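Position chain B relative to chain A; hints supplied.
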Amino acid sequence: MADQRLKRALEALLHPLAAIVLGLAVGALAIWAVGGSVADTYTQMWNGAFGSAYFAGETLTRAIPVALAGLGVAVAFRSGFFNLGGEGQMVLGAMATALTALYLPGPGWLKLLAGLFAGAAAGALWSWFAGWLEVRFGIQLVISTLLFNYIADLFASYLAGGPFKDQTGQGALNQTPMIEPSARLPKLSATSDLHAGLFVVLAAVVAVWLWFRFTALGYELRMYGSNRAFGQYGGLRESRMMAWAMAVSGVLAGLAGAVMVLGFQYRFIDNSLTDPQYAWVGLMAALLANANPFGVAVASLLFAALQTGGMGVELNTNVPMQISSIIQYVVVLLVSVKVGHWWVRRRRRQTQA
Amino acid sequence: MQMWLNASLFTSTVQMMAPLLLAALGGALCARVGLFNVALEGLMLMGAFFGVAGDHFTGSPWLGVLWAVVVSAAFSLILAFLTLHWRANEIVVGIALNFLALALTTFLLRSVLGATGAFYDPAMRGLPIWTLAGLQRVPVLGWLFGYTPLVYLAFAAAVAMHLFLFRTVPGFRFRAVGINPEAAASVGIRPARAQYVAVVVSGVLCGLAGAQLSVGDLTMFSQGMTAGRGFIALVAMMLGRSNPLGVILASALFGLTDAIGIRLQGFMPTQFALMVPYVVTVIAMFFFRDKYLRPLASRG
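Chains as they are written, first to last, in our numbering: chain A, 1 to 353; chain B, 1 to 300.
The following block holds chain B by itself, in its conformation from the complex:
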């Protein structure tokens, strides 16, 4: 028990939850304007690949993050265009985009980076760890520090989104679109514009999430490395009721589950340890059976 409840468990929880939080915030913003964004997984994967590709070709992890964000945002435009402009079913498009992302990244991994399965370049630098003047050595609270800048950014993004949605006029309009687009349109708000913005911002956030996975945590890309995190983020968004602060708590729960799952690998068959996050996610879904996301998802 001792080796479980130590500060490193908190540290790995924060590391695990950061990509989930970023992606879930993207999903939450979409949900707030009435879109169920199932493509988080694919957007993250694009981000993860282009983060590493950018890092490899430019030699700077920061430019890698930029590539990740730009490509992921561009990819999200396909989702926006097909669902908003052409009125395609968002779940069909989302699922197809997830698989297109998997095929595309594998295709590029092999044809452009010349690697099979995974790409790793020893010369490549990952994102720096910000220790904030050695604060991670502070006793008891040390686990709060010592992460890549994207981890801090994830929390900042949550707070910013909270302020935007609940403390600003454009945020109020965003929420109005999600609650009733016709009513919003009748007072001069353009629902489609808000929805486009939400989808592209979710693309940016998923790009950051993917970059955190590939150039933040590991400095490598492997085929399909998101491994369902986009779907877990989707549940984190639902569990947090699309409320940025709620999403932080939900992501923390799943991050903790991930961290515990890894530790459990020594005690039980690997497959059961790997199953933990998915099982906990299903169980978590018992707790939002009511409420407003129900119609959103069952619409598909």
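Here chain A stands alone, though its shape is the one from the complex:
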């Protein structure tokens, strides 16, 4: 019994591991092609990701928004919906958090909690809205969530550069004023930027797992996600499933933005969440982990390490840091073959139902 389970777990791990090894091989090819030293580049990458307490802390810090956004994608994915709008949900969440923490009167802890709540709520609303448009008007989620990213980014950029712009410091940057110190998430380390958002991630991982595993609604969503026709036959309504899946997915993406504001930047800075592609890296992590919440956390750490390692490569070699992204997307492409198999099986079941 235990043997069987161990064997299955190993099999589930084998595929992503093979993809990672192949991804690194393709990365080596790219490094070699532009005349870099493969061994040196990968050494710098490792050092940049885990070479010291500082770098390890930076990697963990970077994994925080990635994991939260990835969990959001995983929730929707497990329920059978493709939420490609994590970026916009994250940005609006961050903006809502920043404005709440800045302008809500009251003690610091209240601003902090209200900020987290506002971020989650903004992400949930924006995400739910896309879901509602599909259920009500047949506007496809895959496209609407993509386009919503641009709209959300531009809107937040307008707010940060217009009505809520910080007028004190350097005028060139589009950013809100700083949040007061008492409303910030505490730092966890004296040497790096690691902040208490890490606990939000850990809580979210466990909560998502418990939700899918032990609640009736989680069970319904899982059922609906693995076989939509069966779910509908069993009386599950698409509107309700969509609303829950998208709202919870948006809550997680919104929280990703919220903890970045409260724990890392202490203000909303235009483009600071979109340039590092946190939400998209999270989506890739969810794909690599096949939407398993614990797997998402591990995959997020892996991809965050690739990215911080990429900065080490950038500083110490002639190879551009985008080498990390190349490796990451090659890994995802290789993993998609497996995901695809799973999807085909699912569809076959669906057509038989």
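Worth flagging that the hints you see were computed from the coordinates, not collected in a lab.
Just so you know, these numbers come straight off a predicted model, no measurement behind them.
All C-beta atoms, glycine included, are put in the ideal place defined by N, C-alpha and C.
Hints are not guaranteed to be accurate.
Said to hold, decoys possible - Far from chain A, by Cβ distances over 12 Å, these chain B residues were calculated: (1) 41; (2) 66; (3) 157; (4) 166; (5) 186; (6) 188; (7) 245.
To be verified - Have a look at the derived ranges for each label pair, beta carbon to beta carbon: (8) 218/B to 103/A: 38 to 48 Å; (9) 160/B to 233/A: 44 to 54 Å; (10) 179/B to 22/A: 35 to 45 Å; (11) 149/B to 236/A: 47 to 57 Å; (12) 178/A to 179/B: 52 to 62 Å; (13) 123/B to 46/A: 38 to 48 Å; (14) 213/A to 160/B: 48 to 58 Å; (15) 114/B to 22/A: 23 to 33 Å; (16) 187/A to 149/B: 54 to 64 Å; (17) 245/B to 180/A: 56 to 66 Å; (18) 163/B to 219/A: 47 to 57 Å; (19) 276/A to 123/B: 55 to 65 Å.
Showing chain B alone in chain A's frame:
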């Protein structure tokens, strides 16, 4: 109002719509054989980069276009191979390819062209403007002329695709594959072959679209310069019901929106003006809620 409704609005509409039209036609051909090609954006970006790289290294914008087409078509083969041969999910592969294209072009921009953010070479020539013997000076209809050859090609490609799909036997077979692959296979049509062809042709068209952006409109490449045009093209394809002539109309709508958006920048905050194409695209989606593309997209 006067400065709005003049011939230059039409001219910029045609300029804006050409890359959208080329990419949307590629998407439409894929949709006709039952594939939802989300990778248009990445394919276009590859085309845009290699158009400029080819122009820079060979000194000829035409060879640049050729590079763009070849690389973009090769890139599309990855999509075809993973989704058709390995049965990977087309949306997952499409999204990953879009980001791979962004990473790859930025990587090459820096390591091969040695530029950060954008590459511009004053010695580089862009595609010529074909004025067709000064026809662009004809009153009232002058806006119909005076574009790069790729713009005319975009319209020609739409007409050609229309004739192919609805007036030829291979076109009929293509459509049969999209409607019911099993039935098509049962009468001896090979669905996988039609699908491979469609994906590679979409790669060629997106390569042209990207080249039009980089060596046609601007003669430069900047990081991520497609800025979501591939996704707007996807909606143009849906709005045009994957019908080449319908796709022309839909692309014209989005081209016009783009052109108006640029003009609006003087009247409202830039961000709202830039938002216009995306908002209009979402609104446009209200109009094809029914019909046959629904199952295609919700399958993902």
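Structure-based check of all given hints:
Non-interface status of residue 41/B relative to chain A is broken: a Cβ of that chain comes within 12 Å, the nearest being about 9 Å off. Listed as a non-interface residue, residue 66/B keeps its Cβ farther than 12 Å from every Cβ of chain A; the least gap is roughly 21 Å. Under the 12 Å C-beta cut-off, the non-interface status given to residue 157/B relative to chain A holds; the minimum distance is some 23 Å. Residue placement check: residue 166/B keeps its beta carbon more than 12 Å from all beta carbons of chain A (closest about 26 Å).
The non-interface label for residue 186/B is consistent with chain A: the shortest C-beta to C-beta separation is roughly 17 Å, beyond 12 Å. Every Cβ of chain A is farther than 12 Å from the Cβ of residue 188/B; the closest lies at roughly 24 Å, confirming the non-interface assignment. Remark: the non-interface label on residue 245/B is consistent with the geometry, its nearest Cβ contact in chain A lying 22 Å away (cut-off 12 Å). The beta-carbon spacing between residue 218/B and residue 103/A, approximately 42 Å, falls within the hinted interval of 38 to 48 Å.
Our hint of 44 to 54 Å for residue 160/B and residue 233/A holds, since their Cβ atoms are close to 46 Å apart. Checking the proposed 35 to 45 Å range against residue 179/B and residue 22/A shows it holds: the Cβ atoms sit about 37 Å from each other. In this structure the hint that residue 149/B and residue 236/A lie 47 to 57 Å apart at CB holds, the actual value being about 55 Å. For the pair residue 178/A and residue 179/B, the supplied restraint of 52 to 62 Å holds, since their beta-carbon distance comes to about 59 Å.
Restraint check, residue 123/B to residue 46/A: a C-beta distance of roughly 41 Å satisfies the suggested window 38 to 48 Å. Range check, residue 213/A to residue 160/B: Cβ separation about 55 Å, and the 48 to 58 Å hint holds. Taken as a hint, the range 23 to 33 Å holds for the pair residue 114/B and residue 22/A, whose Cβ atoms sit roughly 29 Å apart. Checked against the hint of 54 to 64 Å, the pair residue 187/A and residue 149/B passes, with Cβ atoms roughly 59 Å apart.
As the Cβ distance of residue 245/B to residue 180/A is approximately 60 Å, the hint placing it in 56 to 66 Å holds. A hinted range of 47 to 57 Å holds for the C-beta pair residue 163/B and residue 219/A, which are about 53 Å apart. Against the hinted window of 55 to 65 Å, the Cβ-Cβ separation of residue 276/A and residue 123/B comes to about 35 Å, which falls outside the hint.
Hints 1, 19 from the list above are not met by this structure, while the remaining hints are.
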